[in-house]
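So the protein lines, in turn, are chains G and C. Under the working numbering, the first residue of the first sequence is numbered 18, with each subsequent residue one higher. Under the working numbering, the first residue of the second sequence is numbered 1028, with each subsequent residue one higher.
Any given hint could be a false lead.
As the list claims (entries may be wrong) - Cβ-Cβ distance ranges computed for the label pairs, FRET-style: (1) G:S97 - C:A1028: 44 to 54 angstroms; (2) G:F27 - C:L1045: 31 to 41 angstroms; (3) C:F1136 - G:T87: 40 to 50 angstroms; (4) G:E47 - C:F1136: 38 to 48 angstroms; (5) C:Q1072 - G:S35: 44 to 54 angstroms; (6) G:K31 - C:A1139: 14 to 24 angstroms; (7) G:S84 - C:S1107: 40 to 50 angstroms; (8) C:Q1072 - G:R117: 15 to 25 angstroms; (9) G:N82 - C:G1124: 19 to 29 angstroms; (10) C:S1107 - G:D55: 26 to 36 angstroms; (11) C:A1139 - G:I71: 42 to 52 angstroms; (12) C:L1073 - G:R94: 44 to 54 angstroms.
What the hints assert, rightly or not - Not the full set, but computed from the structure, chain C residues with beta-carbon under 7 angstroms of chain G: (13) S1054; (14) V1056; (15) Y1059; (16) P1067; (17) G1070; (18) Y1077; (19) T1079; (20) A1081; (21) F1117; (22) F1129; (23) G1130.
To be verified - Computed from the model, here is a short list of chain G residues facing chain C with C-beta under 7 angstroms: (24) Y48; (25) M58; (26) G59; (27) L60; (28) G115; (29) T116; (30) Y118; (31) F122; (32) P124; (33) G125.
Honestly, the hints are just simulated from the structure, not real lab data. We put the CB at the ideal spot given by N, CA and C, even for glycine.
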Amino acid sequence: NAGVTQTPKFQVLKTGQSMTLQCAQDMNHEYMSWYRQDPGMGLRLIHYSVGAGITDQGEVPNGYNVSRSTTEDFPLRLLSAAPSQTSVYFCASSYSSGTRYEQYFGPGTRLTVT
Amino acid sequence: AQSVTQLGSHVSVSEGALVLLRCNYSSSVPPYLFWYVQYPNQGLQLLLKYTTGATLVKGINGFEAEFKKSETSFHLTKPSAHMSDAAEYFCAVKVGGFKTIFGAGTRLFVKA
C-alpha cells in the first residue's frame, strides 16, 4: 500500500514550458486535490475532484488544468509555466464516511520556474 | 466565507517549556478541525483532528488540542517541548464536502 505518490520530486522549468505533475493513490478514495505551498501562505487549493470525470476549481486555479479519468490518478498540468508558479505542490486524497474523515498527502513536488 | 487564522508566524520556546500554538477559525457550519506538522523538506503529517464528540483531542507526539466553539478556537498544546518538535505547524478546517482550508502556518523553534 503506497498511499499517495507524486512524481517528479523536483523539477526546473523555463518560462513558457509545459509539464504534468503526476499524482496517484491506491486507497480507492473518491476525493483528490492539489495544493500549492508558498512561504507564509499555508496550503492553497488549486483544483479538486470528487470522483472520476468530475473536477472543480479551488482558490488558485489560474494557469493549471486537471482531469480525472480514473479513481487512482489525478494529474496537474501547467500549460505555460510562469515564475509565479514556483512552489511546492502537494497532492492529497480523502475518505469520508459519517463523522470519519481521513486525508492523506503525497510527499510533494518542488517546482522552480526560471 | 470560511477561514483559518494562526496567530504568530513564528513561536520560540525553550526545551521543556509549554508549547501553545493558536488557531482560530470561522465557519458557518460545524467544522472538522485539524493540526498538521511539516518537518523540513517533507510532506504533511496529521497530528490530530476533531470531528465530533469530546472537545479535547489527543494526538501523536504528546500534542493535544481543545475545540472551543464559543471562542471559535482550536489551539494546539504540548506540556513540554522537545528539540524534535521544531517544525512548521498548520491548522486546517474542513468546510463541507471534502474541501479543506489551511492556515498560513506557525514555525516552532525550540531552544536548548
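Status of each hint after checking the structure:
1. G:S97 - C:A1028: 44 to 54 angstroms: The hinted range 44 to 54 angstroms is violated for S97 (chain G) and A1028 (chain C), with Cβ atoms some 30 angstroms apart.
2. G:F27 - C:L1045: 31 to 41 angstroms: At 38 angstroms between Cβs, range holds.
3. C:F1136 - G:T87: 40 to 50 angstroms: holds, 43 angstroms
4. G:E47 - C:F1136: 38 to 48 angstroms: holds, 39 angstroms
5. C:Q1072 - G:S35: 44 to 54 angstroms: violated, 32 angstroms
6. G:K31 - C:A1139: 14 to 24 angstroms: violated, 44 angstroms
7. G:S84 - C:S1107: 40 to 50 angstroms: holds, 48 angstroms
8. C:Q1072 - G:R117: 15 to 25 angstroms: holds, 19 angstroms
9. G:N82 - C:G1124: 19 to 29 angstroms: holds, 22 angstroms
10. C:S1107 - G:D55: 26 to 36 angstroms: Holds: the Cβ-Cβ distance is about 32 angstroms, inside 26 to 36 angstroms.
11. C:A1139 - G:I71: 42 to 52 angstroms: holds, 51 angstroms
12. C:L1073 - G:R94: 44 to 54 angstroms: With Cβ atoms ~28 angstroms apart, the hint is violated.
13. S1054: violated, 14 angstroms
14. V1056: violated, 13 angstroms
15. Y1059: Since chain G brings a Cβ to about 6 angstroms from Y1059 (chain C), closer than 7 angstroms, the hint holds.
16. P1067: violated, 12 angstroms
17. G1070: holds, 5 angstroms
18. Y1077: violated, 10 angstroms
19. T1079: Holds, because the Cβ-Cβ distance from T1079 (chain C) to chain G comes to roughly 5 angstroms (cut-off 7 angstroms).
20. A1081: Since chain G brings no Cβ nearer than about 12 angstroms to A1081 (chain C), farther than 7 angstroms, the hint is violated.
21. F1117: holds, 6 angstroms
22. F1129: holds, 4 angstroms
23. G1130: Holds, about 5 angstroms.
24. Y48: holds, 4 angstroms
25. M58: Holds: closest Cβ of chain C sits about 6 angstroms from M58 (chain G), inside 7 angstroms.
26. G59: At 4 angstroms from the nearest chain C Cβ, G59 (chain G) passes the 7 angstroms test, so the hint holds.
27. L60: holds, 4 angstroms
28. G115: With Cβ-Cβ at 9 angstroms, over 7 angstroms, it is violated.
29. T116: holds, 5 angstroms
30. Y118: Cβ of Y118 (chain G) sits 6 angstroms from chain C, so the hint holds.
31. F122: holds, 5 angstroms
32. P124: Hint holds; P124 (chain G) Cβ to chain C Cβ min 5 angstroms, cut 7 angstroms.
33. G125: holds, 5 angstroms
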